[in-house]
Amino acid sequence: MSHSTSSKTITVALIGNPNTGKSTLFNALSGARQQVGNYPGVTVEKKQGRLRIDQQDFTLVDLPGSYSLAPRSPDEMISVDVLLGRRDDVAPIDVILCIVDSSNLERNLYLVSQVLEFERPTVLALNMQDVAREKGVLIDVEALRNRLQIPVVEIQANRGKGIEALKQTLAQAAHQEPARPESPFPEAFQEEVAFLERVAREHSRDLPRYLVERLLLDTGGYLEPILDRDVDQGIHEAIQEARTRLQKAGCPAPGVEAMARYGWVSKMLDGVASRPSIHRTTWSDRIDKVLTHWAWGTIAFVLVMLAMFQSVFYIAEPASFMIEKLNGWLAGVAESVTAEGALRSLLVNGVIEGVGGVLVFLPQIFMLFFFIAILEDCGYMARAAYLMDRVMSRVGLSGKSFIPLLSSFACAIPGVMAARVIENPRDRLVTILVAPLMSCSARLPVYTLMIAAFIPDIPLFGLRFFRLPGATMFGMYFLGIATAVVVVFILKKTILPGQAPPFVMELPTYKLPSARMVLHRMLDRGFAFVRRAGTLIFAVTVVVWAIAYFPHHESQISPGLLAKRSELQHRIESLENSDAPSAETLLALAAKEKSAVEAKIAGEYLKTSYLGAAGQFIEPAVKPLGWDWRIGCATIASFPAREVVIATLGVIYNLGEDETDAESTSLQQTLRDAKWDGSDRPVFTIPTALSVMVFFALCAQCAATLATIRRETNSYRWPIFTFVYMTSLAYLGSLATFQIGTWWLAG
Amino acid sequence: MIPLQLLTAGASGRVTQLMGGVEEVRRMEELGLRAGAAVEMVQGGNPCIIRLAGNKVCFRRTDALHVLVEESQ
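If you read the protein sequences in the order shown, they are chains A and B.
FYI, the numbering for the first sequence is 166 to 912, going by the numbering used here.
FYI, the numbering for the second sequence is 503 to 575, going by the numbering used here.
Quick caveat, the hints were computed from the structure, so don't treat them as lab data.
What you were told as hints is all true, and nothing was included just to trick you.
Here chain B is said to cover these stretches of chain A; the calculated rule only asks that three of the stretch's residues, wherever they fall, bring their Cβ under 8 Å from a Cβ of chain B:
no. : segment
1   : 267 to 280
2   : 453 to 467
3   : 557 to 565
What the simulated footprint calls covered on chain B by chain A, stretch by stretch (three residues with Cβ under 8 Å from a Cβ of chain A suffice, anywhere in the stretch; the number is not a length):
no. : segment
4   : 516 to 526
5   : 531 to 538
6   : 541 to 549
7   : 559 to 568
Idealized CB from N, CA, C, for every residue including glycine.
Same shape as in the complex, but just chain A (with noise of 0.2 Å):
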């Protein structure tokens, strides 16, 4: 297979440790040429790109990063299985690329060390020498070259140093025999390995040496699944026996791998690199001195935060607008080329706010993005997660979970999808579970609605800038964060106990952003929300519309409506027609007096729609939380995607649909005049205002979210455990609300 011909494209494989610059180099290399997605079955990403060298084609396959090939997760095994050819969706491995820290080369070599034991033609790209350079480190490259026995290039991906280099270097390895490194294990080990190959074969698997080793090793039984229970007893207790020789000749498993491993580093790096025995203060250690400590690095963490959700907010907010008035025009297209009918309301309630659902949200999402790959890709993010340990370590997650939860604030899929740095599987699913608690954008437009028309604008504590209105809305999101806390301790106190594992965390050094890498960044995590949240949140707005729509029969409308529009719409014909002074008048007046019509008739339909009989339906359960038939309804229809309940409100309470939306006076308005059926009673008090918001704050209303935990958990459990547990405390939360409301007015 080495001696590839040029027709045949190489496979290369990229692997290295995390923050080594892998992807800046898989970029540098396969430029905008590349291909996402996922193994089945496991959360792991699967990026391929493709480039070509010198008339050869070679796909490049981007291996997740880590410290070690020492599989303990099936997610950790992929790695191994590409590397090994034993997968069908990935082509046989052709040439491994290593990426290392060059101010590192101790840690890093362990993962080389591995690497080199695939036995496939290797080359090593020597990363990040401006920072071994500032640090002191000396590397003598060609002494290294010769001692591995294989390419050495060096690099600077960030700056796309070296690339041309490595790139003929990868095409010239491709012909070349693999690398065939002696063994860092000792004698007795090796053996060891030799006697399980043999027993292998005798039981006709053929496993490759590499896994018969982590066999070997693995005492924590990860790689069971590898064998056949009952078929491979035999080898099974082969690998016992073996691991009883190895104790008692002083090489046990696994403690043996780390201690040949890195003994055979320090033996490849003897005399080829070297560091100054006193560490030299470097630009980053004195940024550190502020970002870390106790109570600069905090206020300067609070800072950060708010200047990136206000400028999230501000930036977004244009754009957001635009998108509303493109959809507005969209519905006018629509409304202009189809009749009036089942259609016409498809295209306009369902398609088009469908999909406008989704892409309001897209600018905000973007630009969360856009500030985290900032932080990401210039090392405060890593800071961040150290400072929020301290506050994290209490409920017993660490901070790990910190960017996980702050990309939720913007929406929860890409939160949970975040959530996969978490190594601990239970503090990741903890993370996960609670993920969708944090106010996400879609829940901004119910918070502004309710404030904006049933929270006095009063100052608090007698502060002109502190007031009650911007106080609410910190409230709801701060309500969303306690809850998350609570539940947390509850889940990690009940049934996702355990002790919190040790947290230990690169800080990378700081480094100036790239442009490139954090648009790439941006880009590639924006569309991925848009492919996994546009397509199902689209499906389940036209579920709803059609709900919402059905069985629309003109028996449903009351004859008088009727009689009035038909009545109203020979006037405005008449008027049309007439050429009396007034005219003009009052046919302004008419077709005022139809619109308002049009809009009762709406009302009418919906109310005796499938959704209106559930809204009706449901409506002694929810009026202990001071809403009506009409909010149960909105509520109703919102659990698919949160943010339909604005849409919903106003059709519910006959305002016509082009006057709909948060910022609009007059849904507040209708909000504000609405009555409770056959009584003068207004719906809407404060309290009841409250407990919406509070329901909405709480409640796993996002049918993307719960898919998304579902591939994430690989398991319906969960999503139905976040969905009942968040549904729950949304209606004791909002009934809590609205009685206490109620009854302190009331005193």
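Chain A is already provided as a structure; the job is to place chain B on it using the hints.
Just chain B now, kept in the frame of chain A:
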């Protein structure tokens, strides 16, 4: 021999022993925190920041893992 977190800021030492579950110890070793590694305490507290082979690493102690070091003079 003292626990790692007892090093004062600026002090250095050499790791002598990792005590804890097999898997925890293995993860630490792969990250470079292993017997024989030189460490320097950059900032105390919990989590603390240590320097390990020229890189900064933040580390929170738990009951699941104890890192013992020999302080160098």
